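With chain S's structure known, arrange chain W on it following the hints.
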Amino acid sequence: GAGVSQTPSNKVTEKGKYVELRCDPISGHTALYWYRQSLGQGPEFLIYFQGTGAADDSGLPNDRFFAVRPEGSVSTLKIQRTERGDSAVYLCASSSQGDGYTFGSGTRLTVV
Amino acid sequence: GQSLEQPSEVTAVEGAIVQINCTYQTSGFYGLSWYQQHDGGAPTFLSYNALDGLEETGRFSSFLSRSDSYGYLLLQELQMKDSASYFCAVRDNYGQNFVFGPGTRLSVLP
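Residue numbers (the numbering used here), protein chains in the order written: chain S, 1 to 112; chain W, 113 to 222.
Bound conformation, chain W alone:
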């Protein structure tokens, strides 16, 4: 089986930097993805890490440490539009489907 843990809520102000952590327990591991979901919208793919280290895409970066079963999403220069739920998802060892975490609701304040 798989289990993923994320903080339920994070609050930050515009222009700040915020880190959303994800820890996982899995029998196998192929990679970690992050998705953003605005209220009433579909999840949108942000990043995928298969190997250890930091991947940077604009204001967003994602980090993976397989030895620690840990990853995080780093959001820089926060904007109001970044207020959303963020999900980590682990690629199941036995196929291409992902198991999603419970999500972290990010609120960006002015």
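Okay, chain S solo, but in the shape it has when bound:
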């Protein structure tokens, strides 16, 4: 596609529920990144894929968070047993050379 697409744009879920956030990167971009951003703060790194494999998942806060990219294109971030502290904007980005990202518009997750 022309840009990075993230769905849904907004997600409200109840505490304890499971959610999936989807990212469709720019066609041909091998690197894909997930960040999350809380209000008034900079994006916080979660995980980075190079192709199908997670090259660096050191930013995932705990084992409730998991991400996959099975075919090296679309990626899904999965959050189990959501907590109110998980509320944030989840940003996906892709790049081809690694020096500049193209971000999607994000998914605003609200846990109530």
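Among the clues, some could well be false.
Claimed, not checked - Computed footprint of chain W on chain S; a stretch qualifies when at least three of its residues, placed anywhere within it, have a C-beta under 8 Å from a C-beta of chain W: (1) 35–49; (2) 101–112.
As the list claims (entries may be wrong) - The calculated label-pair distances, taken between Cβ atoms and stated as ranges, are: (3) R64(S) / E189(W): 33 to 39 Å; (4) P61(S) / P214(W): 16 to 22 Å; (5) A162(W) / S5(S): 26 to 32 Å; (6) G51(S) / G153(W): 24 to 30 Å; (7) G51(S) / V125(W): 45 to 51 Å; (8) G153(W) / Q50(S): 24 to 30 Å; (9) G40(S) / A162(W): 25 to 31 Å.
As the list claims (entries may be wrong) - A short list of chain S residues far from chain W (calculated; beta carbon distances all over 10 Å): (10) K11; (11) V12; (12) N62; (13) R69; (14) P70; (15) E71; (16) S73; (17) Q80.
I should point out that these hints are in silico values taken from the structure, not numbers from a laboratory. Computed from a predicted structure; not experimentally measured. Glycine included, every Cβ here is placed at the ideal spot set by N, Cα and C.
This is chain W only, laid out in the frame that chain S set:
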């Protein structure tokens, strides 16, 4: 670990020049990027400096001094549409992911 510092807010008037500084402490360093983010929008890539010196792109310039662990973004001929948050980000030594600073909120006044 990595830490980045930026001023939290900067205010300037239309037509002026403003400089947003970024200092970083990292165990390794591959480069410094700058991003612009309007309220409710996605961060947009502005520039990347891997080597010391000044990079110019239209009204925006970015500078890096690796020996000082310091960089800045220079915005010239400010316009109202430049009101946004600006983030510096350091490329982590161990991979291609970037660590972002806390952001500087720029307000451009008429």
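Structure-based check of all given hints:
1. 35–49: Contact hint for the segment 35–49 of chain S vs chain W: holds, 8 residues under 8 Å.
2. 101–112: holds (count 6)
3. R64(S) / E189(W): 33 to 39 Å: Between R64(S) and E189(W), where Cβ atoms are some 47 Å apart, the hint is violated.
4. P61(S) / P214(W): 16 to 22 Å: This hint holds: roughly 18 Å between Cβ atoms.
5. A162(W) / S5(S): 26 to 32 Å: holds, 29 Å
6. G51(S) / G153(W): 24 to 30 Å: Between G51(S) and G153(W), where Cβ atoms are some 29 Å apart, the hint holds.
7. G51(S) / V125(W): 45 to 51 Å: holds, 48 Å
8. G153(W) / Q50(S): 24 to 30 Å: holds, 27 Å
9. G40(S) / A162(W): 25 to 31 Å: holds, 29 Å
10. K11: holds, 16 Å
11. V12: holds, 17 Å
12. N62: holds, 18 Å
13. R69: The assertion about R69(S) holds, with a minimum of 15 Å to chain W.
14. P70: holds, 20 Å
15. E71: Its Cβ never comes within 10 Å of chain W, the nearest being 20 Å, so this holds.
16. S73: Holds, because the least Cβ-Cβ distance between S73(S) and chain W comes to about 18 Å, which exceeds 10 Å.
17. Q80: holds, 23 Å
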